[in-house]
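Top to bottom, those sequences are chains A, B and C.
Numbering follows the working numbering, in which position 41 of the first sequence is assigned residue number 41; successive positions increment by one, without gaps.
Numbering follows the working numbering, in which position 146 of the second sequence is assigned residue number 146; successive positions increment by one, without gaps.
Numbering follows the working numbering, in which position 277 of the third sequence is assigned residue number 277; successive positions increment by one, without gaps.
Hints should not be assumed to be uniformly reliable.
Unchecked claim - Among the chain A residues that face chain B by a calculated CB cut under 10 Å, a handful are: (1) G64; (2) S134; (3) V166; (4) R168; (5) N213; (6) Q216; (7) F235; (8) V247; (9) Y251.
Unchecked claim - Pair ranges (Cβ atoms, derived): (10) C/K10 - A/N54: 26 to 36 Å; (11) A/E110 - C/K357: 30 to 40 Å; (12) B/G104 - A/E177: 48 to 58 Å; (13) A/E177 - B/S61: 27 to 37 Å; (14) B/H9 - A/H269: 33 to 43 Å; (15) A/T73 - C/F215: 17 to 27 Å; (16) C/K357 - A/T73: 18 to 28 Å; (17) C/I272 - B/E212: 46 to 56 Å.
To be verified - Calculated lysine-lysine pairs in the PhoX-like style (CA-CA distance at most 25 Å, straight line): (18) C/K357 - C/K306; (19) C/K358 - A/K69; (20) A/K206 - C/K362; (21) C/K362 - C/K339; (22) B/K77 - B/K115; (23) C/K20 - C/K306; (24) A/K278 - A/K15; (25) C/K20 - A/K69; (26) B/K77 - A/K298; (27) B/K115 - A/K17; (28) B/K142 - A/K15; (29) A/K206 - A/K278; (30) C/K362 - A/K17; (31) C/K20 - A/K132; (32) C/K357 - A/K69; (33) A/K278 - B/K223; (34) A/K69 - C/K362; (35) C/K10 - C/K212; (36) A/K17 - C/K195; (37) B/K135 - C/K195.
In case anyone wonders, no lab produced these hints; they're calculated from the structure.
Cβ coordinates follow ideal geometry from the N, Cα and C atoms, glycine included.
Residues per chain, in single letters:
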Amino acid sequence: MYAVEINSLSKSFGKTKALDSVTFAVERGELFGLIGPDGAGKTTLFRLLTTLLNPDNGSATIDGFDIVKDYHTIRSRVGYMPGRFSLYPDLTVEENLNFFAALFGVTVEESYDLIAPIYSHIEPFRTRRAGKLSGGMKQKLALSCALIHRPSVLFLDEPTTGVDAVSRCEFWDMLSELKTKGITILASTPYMDEASRCDRIALCDKGHILDINTPQDIVNKYDSNLYAINADNMFNLLEASRKATGVIECYPFGESHHLVTNEEFDLNHYKEELGDFKNLTITPTAPTIEDMFIKLMKR
Amino acid sequence: MSDIVISVHNLTKRFGNFTAVDHITFDVQRGEIFGFLGANGAGKTTAMRMLCGLSYPTSGSGNVAGFDIMHEGEQIKRHIGYMSQRFSLYNELTVSENINLFAGIYGLSKKETTKRATQLLERLNLHSERNTLVKSLPLGWKQKLSFSIATIHNPEVVFLDEPTGGVDPVTRRQFWEMIYETANNGTTIFVTTHYMDEAEYCSRVSIMVDGEIRALDTPTNLKQKFNAMTMDDVFRTLARGAKRGE
Amino acid sequence: MKRNFLSFVKKESLHILRDKRTMLVVMFIPIVLMILFGFAISTEVNNINIAVVAPNRTDGVTDAVNRLAANEYFTFKGYINQDEIDIQLRSGKVGAVVIFTPDYDKRVAQIFGGLPSTPAIQLIVDASNVNIAGAATAYLQSVLLGTASQQSMFETRMLFNPQMKSAYNFVPGLMGLIFILVCAMMTSVSIVREKEVGTMEVLLVSPVRPVKIIFAKMIPYFVISCIVLTIILLLAHFLLDVPMSGGIGGIVTISLIYLALSLSLGLFISTITSTQVAALLISAVVLMMPILMFSGLLFPIENLPKFFQVVSNIVPARWYIDATRKLMIQGVSILAVWKECIILIGMTIMLLVVSLKKFNDKLE
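One chain only, chain A, in its complex shape (with noise of 0.2 Å):
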């Protein structure tokens, strides 16, 4: 059985289609994440899948119950950590904690193994109010909240926006430690780079998934050839391979722009058509998910 299991999922919000029949299964005990930017129906999905919402079509079930007919059940079994600061600011760190234990009917201290490489975190602040934790120590509560009840599935709507490198990495860190203790996880994130943390990633846009598979399966379908180019005028440098031959676009990615070239390039030719730019850099690239992303997205 499948810890999660969606079948053709769709919901609409008046005209806007926010998710448009949406098929995909998670196995029990994975990392899974849903990546896509804003508008891609990453948080619809979430709040269908937490039953805070009911479908317009198709069907979905977490741990086997149905999420329409057996929401009762589901609540019970399910963690939750929606997008928007899900705590109360007035009240401290312990008190939050306290108070979603009592909402499962737990005490803090049956969980307290499974929270605490999370929650030793922010132990030594327990006294602090919520509103006044840096955003790195608002997400940890926020996520030994969303545990005190040893959920079974975990749902994380975008748990990394907003916060600093150094702490987005220790979340990841946790969330790989949780899955050892057999929890599913389902984490949307906007950040292409956060993917390769995930067992599987669903690319997501505007309610479509364009691809499921492991992060290193998705970009070995990569089938074009990818070129970083460089040079000192970079804005010149991308109009002027925009027009060369054999080139099916040309981005800017990062300090390099990225050239993506179908079989008529022709590396000498480009060159010359080029003409003539300073320090110009041409080496073969290995795609990223950002680059499939882009492919899957003009397609």
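Starting from the known structure of chain A, arrange chains B and C on it as the hints suggest.
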């Protein structure tokens, strides 16, 4: 005019016993895309406020667009543009109304406003949408529009605060292309962010930790120096040693 | 499950206790309003300065002036000349001038003798405050007629509130207003805050029925309201001398019903709004305005246009204020206001049913 657009020397800001910004020194060239990075609470915002003429330094000196940050704050405000992810445009106004409003704020003449507005709408291909409420535009368009509006008065420097969070990779690239184009035309771009993938697009980046600038170089050189694959790794190496949180 | 109910109540109480400013406001507003309405903003006539113009100070005149000066409502400021009247009134030194005609005694005699005559006294009153001017005129007439009153066609006796103290009117009205403020506004805002902050999402994705959480929310507000009720009753009785002749039991009973109603109203508002600002505005505009206008707090219902009189029937405060007035001032027993009680209970049940039905354990 000199080709150094922002010049800061030993800039310091104290709040009581707390030194938010601690003797920072750097120069930014005309047409550069300068990344100003730091963890939450490192002092980025305080430093940027001083550069924009919104707060006075405790000690040290600085010059932005040819004006002294200590005495000519008002002049500075007239020669810079500002765009942040959180606030930039009025959602309840139409595209044209937003353009006219900000043109008015920056003191453009009526004739100039009409000319710029037409140019801007053409460049963004937004002419057919000029009477649409901003709130009903897609996020990507909003960002491009607010960047264009932030540069409507041809400022010397544009300050961008986490400009591309949350947009899809294709729109993000269109946005950076606009930034490259603007920089290519001689406007200096000053980006503050804590997203390292934004940092990779900058020509030079500085990394602030505990109120001090700990590193300042091109992304390539920084990665080499710290023996790192990505800017994320560089940043983590530096910020792990941070003493203060938010 | 009882244990977690208590911990919800505790959490809610912590929210309230941490927000000291709101707490202070909630406790102070009733006291300030009571004192304001009880003393400062009053339609009673008190200490009106009177000047007298009397060309001939005959015995009849001095007798009348003595009666004026002895009255607790008026302060006699002395005799003035005809040409000073305007200055005295304009400068606000006096509120009314009493002018005795030179042949006052003769005219009075003619009037009492049933002979045709022109008026013997002229009253010039500062009418910039119409209420005070009206009351002052009435008092002045009755005082000055004094001896003549035996011959008057009317004999008026004020029952229940013989001194026409306005505090008697305002206390029930204020109670109607304050409980709506404390209960409805604060509960709705605190429920909607959870929606706005995002914690509601987490509460919903939990095995606890949200209704339970919401009832736990109401308890601390109910307790606060009871404290406020006590404060108001004490102030009313000891500071404003409201008689409470019908016994405290009836007043407390109907007030508790009204508290329940206010809490249900708060719950109802929270189901139809999603931002704290909206909840506040609805409480302020949709609840306060009708209470001020249509509940008899400021204007007697009988004076309202017919249409608004009908409207006032659906304003819960109207029934509460009516009933409390009867209980406090007329001194009737709770049985005499059974109709109001039933209407209030009916409204409470209706609001509860509607809002519990509307209250969804999903997001839409």
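Hint check results:
With a least beta-carbon distance of about 34 Å to chain B, the hint placing A/G64 at the interface is violated under the 10 Å criterion. Annotation: A/S134 was flagged as interfacial toward chain B, and the flag holds, the nearest CB pair being 3 Å apart, inside 10 Å. For A/V166, the interface hint holds, since its Cβ comes within 10 Å of a Cβ in chain B; the closest pair sits about 5 Å apart. Because the beta carbon of A/R168 sits about 9 Å from the nearest beta carbon in chain B, less than 10 Å, this interface hint is met.
The beta carbon of A/N213 comes no nearer than 18 Å to any beta carbon in chain B, farther than 10 Å, and the hint placing it at the interface is violated. Look at A/Q216: its Cβ only gets to about 16 Å from chain B, farther than 10 Å, so that hint breaks. The restraint placing A/F235 at the interface with chain B holds, with a minimum CB-CB distance near 4 Å, inside the 10 Å limit. Because the smallest distance between the Cβ of A/V247 and any Cβ of chain B comes to about 15 Å, over 10 Å, the interface hint for this residue is violated.
Here the hint on A/Y251 is kept, as its CB sits about 4 Å from the closest CB of chain B, short of 10 Å. As the Cβ distance of C/K10 to A/N54 is approximately 33 Å, the hint placing it in 26 to 36 Å holds. For the pair A/E110 and C/K357, the beta carbons lie near 36 Å from each other, so the given range of 30 to 40 Å is met. Judged by the Cβ atoms, the range 48 to 58 Å given for B/G104 and A/E177 holds: they are separated by roughly 55 Å.
A hinted range of 27 to 37 Å is violated for the C-beta pair A/E177 and B/S61, which are about 49 Å apart. About 50 Å separates the C-beta atoms of B/H9 and A/H269, a value inconsistent with the hinted range of 33 to 43 Å. At about 23 Å, the CB distance of A/T73 to C/F215 agrees with the hint of 17 to 27 Å. In this structure, C/K357 and A/T73 meet the distance hint of 18 to 28 Å, their C-beta atoms being roughly 24 Å apart.
As the Cβ distance of C/I272 to B/E212 is approximately 53 Å, the hint placing it in 46 to 56 Å holds. The straight-line distance between the Cα atoms of C/K357 and C/K306 is roughly 34 Å, outside the 25 Å bound, and the hint therefore fails. With a CA separation close to 20 Å, the supplied pair C/K358 and A/K69 stays within the 25 Å bound. Between the alpha carbons of A/K206 and C/K362 the distance comes to roughly 23 Å, so the proposed pair stays at or under 25 Å and holds.
Between C/K362 and C/K339, the direct Cα distance comes to roughly 39 Å. Violation of the 25 Å bound is thereby established for this hinted pair. Between B/K77 and B/K115, the direct Cα distance comes to roughly 23 Å. Compliance with the 25 Å bound is thereby established for this hinted pair. Between C/K20 and C/K306 the alpha-carbon distance is near 44 Å, which puts this suggested pair outside the 25 Å criterion. Under the criterion of a C-alpha separation no larger than 25 Å, the hint pairing A/K278 with A/K15 is inconsistent with the structure, at around 51 Å.
Note on C/K20 and A/K69: the hinted pairing is violated, with a Cα-Cα distance of about 44 Å set against a maximum of 25 Å. For the given pair, B/K77 sits about 40 Å from A/K298 by alpha-carbon distance, which is inconsistent with the 25 Å threshold. Using a Cα cut-off of 25 Å, the hinted pair B/K115 and A/K17 is violated, with the two alpha carbons roughly 38 Å apart. Note on B/K142 and A/K15: the hinted pairing holds, with a Cα-Cα distance of about 20 Å set against a maximum of 25 Å.
Between A/K206 and A/K278 the CA atoms are separated by roughly 41 Å; this puts the pair beyond 25 Å, and the hint is violated. Restraint check for C/K362 and A/K17: satisfied, since their Cα atoms lie roughly 19 Å apart, inside the 25 Å limit. Restraint check for C/K20 and A/K132: the C-alpha separation of about 17 Å stays at or below 25 Å, so the hint holds. Between C/K357 and A/K69, the direct Cα distance comes to roughly 19 Å. Compliance with the 25 Å bound is thereby established for this hinted pair.
Taken as a hint, the A/K278 and B/K223 pair is honoured in the structure, with Cα atoms around 23 Å apart against an allowance of 25 Å. As the CA atoms of A/K69 and C/K362 are separated by approximately 13 Å, the hinted pair is consistent with the 25 Å bound. Between C/K10 and C/K212 the CA atoms are separated by roughly 14 Å; this keeps the pair inside 25 Å, and the hint holds. Of the supplied pair hints, the one linking A/K17 and C/K195 holds, its CA atoms being roughly 24 Å apart against a limit of 25 Å.
Distance hint between B/K135 and C/K195 is fulfilled; the C-alpha atoms sit about 22 Å from each other, no more than 25 Å.
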